[in-house]
Amino acid sequence: MMSTSRLYTSEGYDDSYNIISIIGRGAFGVVLKATHFQSHEEVAIKRIPLKRNSRNEIALIREVFALRNAYHKNVVRLFDVILNTDTVSLIMEYVGSSLKLAIEDFNRPLNDEIPRYYMYQLFVGLDYLHSLNIMHRDLKPDNVLITSTGLLKITDFGQCCIYVSDDLNRNYDCQVASRWYRAPELLFGSTAYNPKVDEWACGCIFTEFYNGTPLFAGRNDIEQIGKLMSVLGSPCEKDWEGWNIMPDYGKIIFKDNKPMDNWKSVGNFLFILMPLASETCLSLLQKLIVYSTEERYSAEVALQHEFFIVDIPKQAPYIPPPMNLKIPQHMDPIEFDLDAGFAQY
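Just so we're aligned, residue 1 is where the sequence shown starts under full-length UniProt numbering, counting upward by one.
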């Protein structure tokens, strides 16, 4: 479908693509909205500069591997990979909105119907990825896209990895995920975790549908742990087996906290935690936002919860507004400064 010729040179973009706007830019590259001249199909072009032995290179390998092997309606599609001397461009389907925009939309109805519709799709997509032993490790509202028809798409696989379930000695990088969505085992430095780090992130995303803001918004890892404890209480061996042998256990002594019994009540930081959530919603959340990975629901189990017993509508009950894209005035290469990160893709 797409041209396999070079995408970008110092003189300009290849004639195969009409660049429409900038979606985002950053340390990992620039993302552009474009159309293919022959097919007229809208695409997102993620252009990544290559530096030998750089984090960009590692992230690129991870992302291409995941997208080449994952073909599912709830995972963003990769059409092509175009190599150049010092860049790689991923040609992906263009998706015009995200869960972040849905959460930030003050005109969105506040009920269970919309979270149910989109969280169901998120769990379906995540269950598929986990069936391939792919841990995403960076789920957050920015990385969950929504089409103009309400179809949810998981994107940004730059931190993903393969989980090897039968290798108990396998270690994984704990410096992954965005802090506000980072599972407690990651915060305590565990390198022997499992795919349920993604389900923790889903629980955090779930709460934002009701709060409009992140549930745990720490300014650093220490404050992040403190915010977790203010809701879940101080961890103990009874509730979280093995936590006291994690690498960062005991480095910081926190005051003793009791778990919050009623998630609709006023918390320690004087905010209303989940005032609009139904009892079935809270029941599911408390199986996702939990220390123990043994107790934490998998995506497969979450889909069987009573919160999803209600028939999921075939048409989206709500579609978030589209991204506000920057239209470039010219195509000078300087326009694509690569020094700050992009939100989507």
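Hints are computed from structural coordinates only; laboratory data are not their basis. Some hints here could point you the wrong way.
DSS-like cross-link-like pairs, simulated, lysine-lysine; straight-line CA separation at most 27 Å [claimed, not checked]:
1. Lys73 x Lys51
2. Lys73 x Lys314
3. Lys238 x Lys258
4. Lys258 x Lys287
5. Lys238 x Lys227
6. Lys73 x Lys33
7. Lys238 x Lys255
8. Lys255 x Lys287
9. Lys238 x Lys314
10. Lys227 x Lys251
11. Lys227 x Lys287
12. Lys51 x Lys33
13. Lys251 x Lys238
14. Lys258 x Lys227
Pair ranges (Cβ atoms, derived) [unchecked claim]:
15. Arg77 x His305: 48 to 54 Å
16. Arg55 x Phe79: 39 to 45 Å
17. Ser292 x Phe37: 26 to 32 Å
18. Leu132 x Lys255: 40 to 46 Å
19. Asp248 x His305: 28 to 34 Å
20. Asn220 x Pro317: 35 to 41 Å
21. Phe37 x Asn69: 27 to 33 Å
22. Phe308 x Ser234: 29 to 35 Å
23. Lys255 x Glu41: 54 to 60 Å
24. Pro313 x Leu132: 24 to 30 Å
25. Asn69 x Asn18: 28 to 34 Å
Note that this is a predicted model, so its numbers are computed, not measured. Don't be surprised by glycine CBs; every beta carbon is placed ideally from N, CA and C.
Checked hints:
no. : hint                        : verdict
1   : Lys73 x Lys51               : 33 Å, violated
2   : Lys73 x Lys314              : 14 Å, holds
3   : Lys238 x Lys258             : 14 Å, holds
4   : Lys258 x Lys287             : 18 Å, holds
5   : Lys238 x Lys227             : 20 Å, holds
6   : Lys73 x Lys33               : 20 Å, holds
7   : Lys238 x Lys255             : 18 Å, holds
8   : Lys255 x Lys287             : 25 Å, holds
9   : Lys238 x Lys314             : 43 Å, violated
10  : Lys227 x Lys251             : 17 Å, holds
11  : Lys227 x Lys287             : 18 Å, holds
12  : Lys51 x Lys33               : 24 Å, holds
13  : Lys251 x Lys238             : 20 Å, holds
14  : Lys258 x Lys227             : 12 Å, holds
15  : Arg77 x His305: 48 to 54 Å  : 29 Å, violated
16  : Arg55 x Phe79: 39 to 45 Å   : 25 Å, violated
17  : Ser292 x Phe37: 26 to 32 Å  : 54 Å, violated
18  : Leu132 x Lys255: 40 to 46 Å : 42 Å, holds
19  : Asp248 x His305: 28 to 34 Å : 32 Å, holds
20  : Asn220 x Pro317: 35 to 41 Å : 38 Å, holds
21  : Phe37 x Asn69: 27 to 33 Å   : 29 Å, holds
22  : Phe308 x Ser234: 29 to 35 Å : 32 Å, holds
23  : Lys255 x Glu41: 54 to 60 Å  : 56 Å, holds
24  : Pro313 x Leu132: 24 to 30 Å : 28 Å, holds
25  : Asn69 x Asn18: 28 to 34 Å   : 30 Å, holds
Violated hints, listed in ascending order, are 1, 9, 15, 16, 17; each of the other numbered hints is respected by the structure.
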